[in-house]
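All chains should be modelled from the sequences, with the hints used to inform the complete structure.
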Amino acid sequence: MIEYIIKLKRNTKSIFKDRWVWVMAWRDARHNFSRLFLFAASLITGIAAVVALDSVNHALKDDIDRNAKELIGADLVVNGSKKFEGETRAAFDSTRLQQAGEADMASMVLFLNNNESRLIRLVALEGEFPFYGTIETQPADAYQKIKTGRFAMLDESLASQYEVSSDDSIRVGDVVFKVAGVVTKIPGGGGIMTTFTPSVYISMSELDSTGLVQYGSRVNYKQYFKTTSEKQATEALEKLKPTLKKFGHSFETVQGRKEGLGEGFLSIYRFFSLLAFVALILGCIGVASSVHIYAREKREEVAVLRCVGSSGWQAFNIYFIQIFILGIIGSFIGSILGIGIQQVIPFFLKGIIPFEIGFGISWSSLLLGLILGTIISVLFSILPLVSVRFVPPLTVLRAESEATNVISKTRIAAIILIALFPIVFATIQTRSLVTGVFFFLGLAAALSFLTGVALILLYAVRRFFPSGAGFILRHSLASLYRPNNQTRVLLVTIGLGAFIISTLNIVEQSMLSQVEFTGQENQSNTILFDIQPSQKEGVVKLMEANKLEVKQVVPIITCRLSEVKGKAINQLQRDTINKTENWALTREYRVTYRDSLTHSEELTKGELHHRKVGKDSVWVTISEGMEENLDVTVGDSLVFDIQGVALKAFISGIRKVDWPKDPPNFIFVFPTGVLEEAPQIFVTATRIDDKQIANQFQQQLVMQFPNVSLIDLRLILSTVNSLFDKLGLVIRFLAMFSIITGLVVLAGAVINSKFVRIKENVLLRTIGARTAQITKITLIEYAWLGLFSALTGMILSMGGGWLLTTFFFKITFAFDWLELLIIGTGVVVLTVAIGWFNSREVISTPPLQVLRKEN
Amino acid sequence: MSQAVLRADNLTKIYKSADKQLTVLDHVSFSVAQGDSLSIIGPSGSGKTTLLGLCAGLDTPSSGTIALMGFKLNAMSEDDRAYMRNQYVGFVFQNFQLLGTLTALENVMVPLELRGERNVMPKAKELLERVGLADRMDHYPSQLSGGEQQRVAMARAFITDPKILFADEPTGNLDEENAQHITELLFGMNREQHTTLVLVTHNLELAQKTQRIIRMKGGKLVEEIHREPVL
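Residue numbers (the working numbering), protein chains in the order written: chain Y, 1 to 855; chain H, 1001 to 1231.
Treat the hints as calculated values from the structure; they're not laboratory data. The reader is advised that the hints may include incorrect statements.
[To be verified] Here are the simulated BS3-like pairs of lysine-lysine, each with C-alpha atoms no more than 30 Å apart in a straight line:
(1) Y/K82 <-> Y/K536
(2) Y/K567 <-> Y/K83
(3) H/K1016 <-> H/K1123
(4) H/K1072 <-> Y/K13
(5) Y/K82 <-> Y/K241
(6) Y/K17 <-> H/K1163
(7) Y/K579 <-> Y/K239
(8) Y/K409 <-> H/K1072
(9) Y/K246 <-> Y/K231
(10) H/K1163 <-> Y/K13
(11) Y/K13 <-> H/K1125
(12) H/K1163 <-> H/K1125
(13) H/K1123 <-> Y/K17
(14) H/K1123 <-> Y/K13
(15) Y/K551 <-> Y/K536
(16) Y/K409 <-> H/K1123
(17) Y/K17 <-> H/K1125
[Unchecked claim] Ranges of calculated distance between the beta carbons of each label pair, as one might list FRET restraints:
(18) H/Q1143 <-> Y/Y481: 30 to 40 Å
(19) Y/I416 <-> H/Q1180: 41 to 51 Å
(20) H/A1075 <-> Y/K13: 21 to 31 Å
(21) H/K1016 <-> Y/Y481: 21 to 31 Å
(22) Y/Y481 <-> H/P1122: 29 to 39 Å
(23) Y/F347 <-> H/Q1143: 45 to 55 Å
(24) H/K1020 <-> Y/F438: 48 to 58 Å
(25) H/K1020 <-> Y/F465: 27 to 37 Å
(26) H/A1075 <-> Y/I416: 29 to 39 Å
(27) H/E1205 <-> Y/W836: 48 to 58 Å
(28) H/P1043 <-> Y/F465: 31 to 41 Å
(29) H/Q1143 <-> Y/I456: 45 to 55 Å
(30) Y/G360 <-> H/Q1143: 49 to 59 Å
(31) Y/W817 <-> H/Q1021: 51 to 61 Å
Virtual Cβ for every residue (Gly too), placed ideally from N, Cα, C.
What follows is the structure, encoded as structure tokens:
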């Protein structure tokens, strides 16, 4: 009988003690770094995106904290739509705090230097506002000057737009003001709102003399308070609260502004976090795909090492060490790059947010980048790299030897950790598990869909392969199926970038289409409001004199609610289980009366109830959404306080209102025969196509009816356009991260498949292909890749855009084929350019040189 | 008779696919004693390379046993077999199988370094000099000709003083002159180090240089010839 030795005594060393694996890692890597280019580039791009966006988030938060007091200008602000008088004024004075006042309203301004006019926000200031921060003007004494009489300051953008300088004059209402200077910085000012309604500042003492404050004018009053401590602010607020509630005034504290701003910027944080998340995940895909290619290329070498005695772990460790060290280096470079990019982002955000973001280094973001990069390089390389452990040594004899599909613990652990990683990262980024899970699910859905579309496109190419087409076309299409070509990964990564940019474009187009009705014939593009009854006839005459069609003159009555469903407002306010919103109970409503629906309305519930006889009940309709805020439905009663007169009404129906269409639109519409005698103002609309007529009409209107304001919807359209230009620049800049990552993956895949391509091209050359033919094949192959990626992204963006516009923005879905075509072409051109740039060597190298190199 | 370095008993290798199975090796038995030289010959597809792979522990048989240096390879893990190869086995392949990212010298040093040995460079240099590559030590495989690459592979195979050397068509990719040179080196070093040699070849002239020849056909050992080697 033969005796065998069953067990071998073998020494195993840990990665740290096994000198050989470190030596081999270095030897193998020193001439091999280009093979790991894709890995490093993917990691660097992903980490740079995360660090840049994270540090911008940090900077935003720090600046909000730092600037909150300066942004509000005081410790406490009370807001109201009525002048603070009587009981309210007494309550203010009882606080014994230093106070300042402000009133702002919409008004027309006429620039006397060029006779042009436009709608502005008129701000009247009183006292020593601001208590924190400063009003910066040019010249520096402008603010002091307006306190001395009929002087005004203009927002910088307004002054430059209408070429107004100091000592020019403007007319506001009945008064001509001399321009004292321009405002470059003011607490609470700046930001995107300035773009919509630039401000003109005057002294509060001059407001009444303008004659603008009349019945129906919407004036917002603010009272600023300065306290010595937070405690004093809280005490003062507690003291004021009953009065504020009684008169429906609201208030704001520094803490409240901080939280408000924080909430306002939460969507920006989330958007940035989402972009960072997408870029990082793309980076991870790049890392995993590059290591997968790398591990495949190393199969033969691993088999040789296994033959000469290396264990599976030793072989694994060689490449793991390389990836790990390069991962740390890549994370460091990515983090530094991210910090560099962060310095650029505030430039893009300038003019969008109401304060400047500081430039600085966020150490926590830098650390995040380093840790994250290292984790990613380990986590996403283990799964593809673990296959190295199971390369059969028999591969040295038979290259086609396949490893048995080993289910190792390492592999299972890697899969679990990889699945957890996006959720954990998104949760940390958004500081919410739910949002984190939604990010993950959203991304998984998008990636699955992109992969699905990519697979369908690839299947379609195979299924309907143009067998009868020319050699070049056929060969370029067939190249998409080349082993290691990473076609699917490329379609997904570049497609995701195309998706983000196209979706943004669709949302932009949808929003623009909301205001673009002004461009359609017969639609009003100019609205005149605050017309007093005595002015109604005159305004109509003026319009007719300018040959402008008077569409309709809509009456507006201001009122408040005094009872809802039989309960008084103060009773409802005290009721803790009452679901009614306090602001809905106390706000001022502007209502109208008519017996029909307009083009922008649709009755969704109930009916229009005409008032038949004088004693019939009053039935009103309410706009959809508001009935929820007031917790009322058809048949419920309301009591309106119309300038001191109580009027009971019942809800007869609910209207769905398309607010931007055919303004003005209303929450409450009364039937005719009820409010005709109530104090009212009028609004009218017309269409002006000629700019010269528009200027002439505006000028005459301001001169004859100074309190009547005019909204030029074309101006709003151009403002929305410029707003999108600004926002779009930021979003496109950030979306570029995912495009860049996609292109890095493309460049890497091209480099990694270079050797396969070289062999193919050498073969093609040997059988007689010319350089021009090989170049064409290469370029067309990338054009296919770009085209399919663009198609993949755009198909998804149609769905994504529709979902966003329908459910999030609640606007009509619209898109511009031409712009989408431009985006698609851009993606194709960029893909072809990157592909060609990296393939130059493959195309131009003589066959013999390549053969020698290959050997 | 000296002790058997390699013993194969009833070796069978069956490859299974979805609906059929292919027997590439069918109950093959033989043994090789220390210092012997053996050629495995036969037409393509006769199972020569499979047999070599099994004997060297590069693959596992479907049935039967292989003992190398008394160790039963079937019972060992993949890593144990790798360790075993490092301790006792040398390889020379038809397509050289050098590590492309390592210089000639580093390629030769790898097996000893794997053992954890230090200061292995002098021995590696000595072997490279022995194969006539003293001036090409720092060259990478891509900078060497086929013959030179095979000589590096020989130096790598012999650096561990292996008990047994497996060679798969060692001259298959070489021209006549280089093939002659490699053959001389292979047998010369084999004699010097008293290494057992197992050779797979199509080349009858080369096979005749070994003491024994096994002829394979259709996965079966059909003939075994004991003869005086023609050197």
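Structure versus earlier hints - violations, ascending order: 3, 16, 19 and 22
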